[in-house]
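Enquirer: The primary structure of each chain is shown beneath.
Protein chains: 6
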Amino acid sequence: MSIFGLIEYQDASPEVRAIYDDIMATRKTDWINNFWKAIAHDPATLKRTWQDIKQIMASGELDALTKEMVYLAVSVSNQCTYCIASHTAGARKQGMTDAMFKELMAVVGMANETNKMVTGYQVEIDEGFKSQQSVVSG
Amino acid sequence: MSIFGLIEYQDASPEVRAIYDDIMATRKTDWINNFWKAIAHDPATLKRTWQDIKQIMASGELDALTKEMVYLAVSVSNQCTYCIASHTAGARKQGMTDAMFKELMAVVGMANETNKMVTGYQVEIDEGFKSQQSVVSG
Amino acid sequence: MSIFGLIEYQDASPEVRAIYDDIMATRKTDWINNFWKAIAHDPATLKRTWQDIKQIMASGELDALTKEMVYLAVSVSNQCTYCIASHTAGARKQGMTDAMFKELMAVVGMANETNKMVTGYQVEIDEGFKSQQSVVSG
Amino acid sequence: MSIFGLIEYQDASPEVRAIYDDIMATRKTDWINNFWKAIAHDPATLKRTWQDIKQIMASGELDALTKEMVYLAVSVSNQCTYCIASHTAGARKQGMTDAMFKELMAVVGMANETNKMVTGYQVEIDEGFKSQQSVVSG
Amino acid sequence: MSIFGLIEYQDASPEVRAIYDDIMATRKTDWINNFWKAIAHDPATLKRTWQDIKQIMASGELDALTKEMVYLAVSVSNQCTYCIASHTAGARKQGMTDAMFKELMAVVGMANETNKMVTGYQVEIDEGFKSQQSVVSG
Amino acid sequence: MSIFGLIEYQDASPEVRAIYDDIMATRKTDWINNFWKAIAHDPATLKRTWQDIKQIMASGELDALTKEMVYLAVSVSNQCTYCIASHTAGARKQGMTDAMFKELMAVVGMANETNKMVTGYQVEIDEGFKSQQSVVSG
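Chains as they are written, first to last, in the numbering used here: chain A, 1 to 138; chain B, 1 to 138; chain C, 1 to 138; chain D, 1 to 138; chain E, 1 to 138; chain F, 1 to 138.
One or more of the hints may lead you astray.
Pairs involving identical chains hold if they fit within one copy or between any two copies, as the list cannot separate such chains.
Said to hold, decoys possible - Derived pair list, reagent style DSS-like, types lysine-lysine, alpha-carbon separation capped at 30 Å:
hint : residue 1 : residue 2
1    : K47       : K28
2    : K93       : K28
3    : K130      : K28
4    : K47       : K130
Derived by calculation from the structure, the hints in this document are not laboratory data.
All figures in this text were calculated on a predicted structure; none of them were measured in a lab.
Start from the sequences, fold in the hints, and give me the full structure.
Expert: Structure follows, in C-alpha cells:
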C-alpha cells in the first residue's frame, strides 16, 4: 500500500479536489489513478507535478501519442512497474495499437543493448556528430 | 580511443565490408559511424547487431522518426553520451526539428521524475490498469 | 521468498548470532530485518556488510538521520522496493517526519529529471566548477 | 558543446533574462551556470524547471544543505558528471565540508551495494515494514 | 499477468512452435519459460531474440556457466526480478553452486559501490589504462 | 581532476602508505591506480574499501578472472567509464583475451536488452522458478 494511503475524491480538500477535477477534465475521464491520490498528501507536489505533466504532455510539436510512447519507453528502461502499467494504458488511450507496442518494446530493448556495447567498447564520438552539432547551434 | 581501435572500410575484410555496404545503402549515406567500426573487430556481433537494428528500426507501425526519437529518449535516460550524439543525428536525419527535440527532452525528464516518485511513495497498481490488461490479452 | 530462505536467531550459528546481537544492540531494537537473515547464509558477507554499514551509518560529520535519508534517496532512485521500505522505516526511526519524507521525494524526483536533461542537452561542465575543484584539491 | 550552444545574458530575450535575474537573486550570485544557458533555448522549459527547482530546493522541513547533498547523492548514483560538478559546488556553497562530502560518498556507495544484494537475494519485505506503513497512512 | 497473456505450445502457430521446439532442444528441456510465451505475440521479435540468445549464450571463449553468471550479474544490477529468477535457474542448470552464487552477489554489490564512488570523486582515467588500450588496438 | 586531487605514495601518511603497500603486494605490481589515490583523502574509506575488495576479489569458488569479468560487466552496464577502463585492464591481467572480451560484451548487451523487454511485457515469474527456489532454500 502506498506510504500514506490514497486520498479519494470525497475525502480531498478543496485544493486537492480542484486538481483532481482538472486532471479528469483534461484527460476526459471520470477517474483518478493512484499516483495522484498517493502524492495528494503533499498538495504542493501534487499541484506542481500535475501542472508540469499537463504542460509537457499536451500535443505540440510531438503529438500526445508519441509523447505517451516515449514516457512508456523511459518507464520500461527504468523498470518502473507502476509507470509501465499506467503509461501503457495512457498510450493506448491515445491510440497505441498492440502492433505499435510490440515495435516500441523492440526499440527499447535494442537501445539498451547498444547503449551498453558502445560504452563497453569505449567508442569515441565521431567528428561528424560533433560538427553537426555546432552547425545546429550556430 | 575505442578498445581495439576502428576498422576503416579500406582495411576491412570482405565480410565486414559487405555489412558496411549494407549500412550505407540502407541509410542512404556514404559514411559509417564509429560504433560499427569499433565492433567490427567481432564480425559475428557486427553482423547480428546490424541485422537487428535494420529490422527493428525500419518503418513499420511506428515510423522511422518516432523510432529514432524513442532510441534517443532511452539513450538520454541511460546517460550514454555517444548514443545521444549518434541518435540525435539519426533523429534529425529522419526529420526531428529543434522544437521536437526540446519537447522530447521535457518528456524524458518528466518521466524520470515521476518514475522515482511513484516508487518512493510505493504506489500500488490500480485495479483499473490490471483489468484493462486482461481485456487486452483476452 | 529469498533464495536460501531466512536464518532465524534460534537457528543461527554462534558466528551469525554474534552479528545479530551486535545489530540489535547498535540499533537498540530486538528485531532483525530480512536482509540480514537472507545474507546470513554467507557469514563472511554478513559480517563484512554489517561492519561496513555500522561504520558508515554512524553519526559523524553527517548525523544519522541525514545518512538514512540519503540512503533512502538512493534506494528510490534505484527503484529498490525492499530498500525503500526498510530505509523509510530506518529514517523514521531517526526522526524523519512525513513532511520531511515529502520534501525528500520532491528532491529525488527533481534530481532525476535534471540529471537526464543535462545529459540530453549535452551540457559541458562550467569552467567555474572546474576551477573551484582545483582550489579545493590544492 | 551543448546541442544548441549557450545563451549568454546579453543575448537573452527579456523573458529569459527575467529568469536569469531571478536565479541570480535567489542564489545570491552574479553567475548563471551552463545548464540554464543550455535549456534557455526552450524558454517554457527554462521557466518551468527553474520554478520547480526554486520551490523544491528552498529551505523547508529539510534545510538547503541537506537538499543539495541529496541532489548530489542522486546525481552520483546516476553517474551524471555535469550534475556531480554542479551540485558538489552547490552543496559546498550551502556549507558542505570536505569531511561531509566523504561521508556522503560512503553512504551513496554503500546504498548502491546493498540495493543490489537485496534484489539479488530476492529478499521479501518484512511484515514489520508493511504494518508500520499502514500505521502511518491511518 | 503479462500484457498479452502467454501463448502455450498447443495454441501456438507453426512458426512459433518451431522456435519453442528449438528452445527446448537447445536447452535439453521440455519446458518453455514465460518470457518466450509472452513475446510470442510478436513472432518476429521471438525469432530474433531467440536466435541472438542462442548464438550469444552458447559456449565459446567463455563457457556457458560464466555467461549465465554474467547475465545474472547484469540482471541483479538492473534489478529485474523476473530476470534474476530465470537466470539464477539458468546458472544453476549450468553448474552454479550456492557458494558461487554468494561470491557472485558479493562482486556485483562491490562493483556497484565502487562504480559510484569513482564517479562521485570524479576520478580521471589513469594514463596507464589509456596506453594499455592503445597497445591493444595496435 | 579528481575532487581532492590524488595522493601520491611519497606524500602519503604511514596509514595510507601501508594500504598502498598491501595493494601493490596483493596485486603483484608497483603501481597504484587513481581510484585509490583519490579516496586516500578519506583513510577510513580507503582502508574499508580495499579490505572489502581484497576479500571479495580473491580466488574462491569463482576464480579471479571470472570475478574481474563480472566486475567489468557490471561497470559496463552502469556506464562507468573509469571502471570500464580499470576493470578491462584488471581482467586482462587475469587472462581475459580479446575474444573473451567480445563475448562478454555480447552477453552484457543481450542481458540489458531482455531485462527491459521482460519488464515492458510485464512477464510474471514462472511457478517453475519459484518452486525451484524453495527447494534450494529447504
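Enquirer: Please name the hints from earlier in the document that this structure breaks, with their numbers sorted from lowest to highest.
Expert: Violated hints: none; all satisfied.
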